[in-house]
Amino acid sequence: MNLTALLRIALRALAVNKLRSALTMLGIIIGVSAVIVMVAVGAGAQARVEEQIRALGSNLLLILSGARTQSGVRLGLGSNYSLNEGDAFAITREIPGATAAPAVRGGAQLIWGNANWSTVIYGTTPEYLPVRQWTLAAGRTFEPAEMAGAAKVCIIGQTVVKNLFGATDPIGQSIRIRRVPFTVIGVLETKGQSMMGTDQDDVVLMPLNTARNRVLGSTTLAKQRAVSVIWVKVDDGLDTNAIAEQVRALLRQRHRLQAGADDDFSLRNLAEIMAAQEASSRILTILLAAVASVSLVVGGIGIMNIMLVSVTERTREIGLRMAVGARTRDILGQFLVEAVTLSLIGGLVGTLLGVAGAFAVALLAGWRVLLSTNAVLLAVAFAFLIGVFFGFYPARKAARLNPVEALRFE
Amino acid sequence: MAAPLIRTQGLEKTYRLGDSEVHALAGVSIDIAEGEFVAVMGPSGSGKSTFMNVIGCLDRPTRGAYALGGQDVSALDADALAGTRNRHIGFVFQNFNLLARTPAIENVELPLIYAGVPAAERAARAREMLGRVGLAERVHHLPSQLSGGQQQRVAIARALVTQPLLILADEPTGALDSHTSLELMALFQALNRGGMTVVIVTHEPDIARFAGRVLRFLDGRVVRDEANAPLDAGRQLAESVPA
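Chains as they are written, first to last, in my numbering: chain A, 1 to 410; chain B, 1 to 243.
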């Protein structure tokens, strides 16, 4: 007995009880569409994290000034300017494969014409851009003379451009930062949100000395040549953790810390943090898919239930088929095909619904979703296996009936 | 003389009902030759249904031998028995046992599906059989659209379509009125005249009178085996129709 014949018998049997068949499929439909939507949402979240890692720049170390203890009270990180620009230059100079960019950070109000905007100021060096893997959309970066002379020049981010200049080309324009006039020499490319959700494009970059002397305006800062953070980029192909340890050793030596004393700075391996976050979002995806799979299994139990009812209802039909020559495998095949047909139709409808649902989630909740062919194929294959698995027991029960008793069954 | 179509020797069938054993068949040795028309009679519980199940290869005897067409089938496994039923035996049941919501022609095709006959040939043979039982105009009707007599004709067409060695009918007229029963018996007699071996299980003496030989069962044994001058169902039918 060939598959087409079995399929026709199955479809006819399912068509006899349309409502029952539809309700049985519903379990599989819900299961498959849930798996597809969940995996799409999870994969979307994962893709976002991966994108953030790329935006941040891989192999990145972040060194923050350490905590300061004042009269026995430990203040938070950054309360003490334990880092200075010399540390950054030393890292670049002495550790091969590491490029460091020191920065001081502060806030300021910007004014251009009758527009004004409050943003974040970074005083830094030209290395900041390659370290952050950031490029200029227009203009140029700082020149050595501007660095040394604390020139009043700045590079602005896209959010600043939008809020201050609108459609006007900002290059060469003069903006006032805390009443000091600055010339805009460059515009940054869009970088998007950081992993914390802050707008990385809402920023103004200026030479380190300019920021310390003219904008953030602290003489002690200037004297110590202190910086609040140092970004360190590790060249591709090098072990970020090994470089991090070299940086730590170098800084401890420069800061003359005794063995056993705490670091007076905080060193963070951002790539590692990101990787951990990526791993957790991947686990979340798996978890979501697993929860959705449970509903698929429940759907399978529904199929088994209905197939058992069907076998009982059709005992006489089974007896007749046996009387006219159906062998064990013919009856087994017939009911197995029926169960698999239920689960496969459910799987296909569930796929359509799941794809539509993923788009609906993207549209209504604004979440990023990522549909993959693999996830869809996997869900349908899983539905198929559910049909075989849960259909086998009722089918075997049918195939093992005694023809005499089956024919006499009332 | 050729070997009989059916030869049973010391056929026994024992069921276990709780602690007691029920001897449904207690030693039945019978020969049925090709071309016979046999009626099997007896009260309920006499073993006639068990006898039919065994010679129909639906059931295996507990003891004894059964040869169908010269081949011993009492030791075959379930799938081999299914093949034997498919090729050599045509069943007709009291309640027709047609597949509901399935057109007449597909009901008739059913044994051919299990015989592995290609679709086109199946349809042609099923159509021809329906024509022979007088249902050429009802090929695509559903059982629910046919009368009882017509449904039983579909069942007979289904029994004949594999060109079996014998037709086994279990109370074929049990669900039909007397006129339709007569029509049906006329059909069986016509088939028998064409050379088909027919075995009918019935408890109605009126029906048994159309057979050429009557076997009476009691308590699992054949208590009487007698030849009978059969009535002609076709003639009776003609006479019963008011002029």
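Read the hints as simulated data drawn from the structure, not as lab findings.
Don't be surprised by glycine CBs; every beta carbon is placed ideally from N, CA and C.
It cannot be assumed that every hint is accurate.
Derived list of chain A stretches under chain B, where covered just means 3 residues or more per stretch with a C-beta under 8 Å from a C-beta of chain B [stated by the list, open to error]:
| id | region |
| --- | --- |
| 1 | 94-105 |
| 2 | 127-133 |
Derived DEER-like restraints, expressed as beta-carbon distance ranges [stated by the list, open to error]:
| id | chain 1 | residue 1 | chain 2 | residue 2 | range |
| --- | --- | --- | --- | --- | --- |
| 3 | A | R408 | B | T62 | 14 to 20 Å |
| 4 | A | V297 | B | L218 | 19 to 25 Å |
| 5 | A | V297 | B | A3 | 56 to 62 Å |
To see whether the hints hold, each was checked on the structure:
no.	hint	result
1	94-105	violated (count 0)
2	127-133	violated (count 0)
3	A:R408 with B:T62: 14 to 20 Å	19 Å, holds
4	A:V297 with B:L218: 19 to 25 Å	57 Å, violated
5	A:V297 with B:A3: 56 to 62 Å	58 Å, holds
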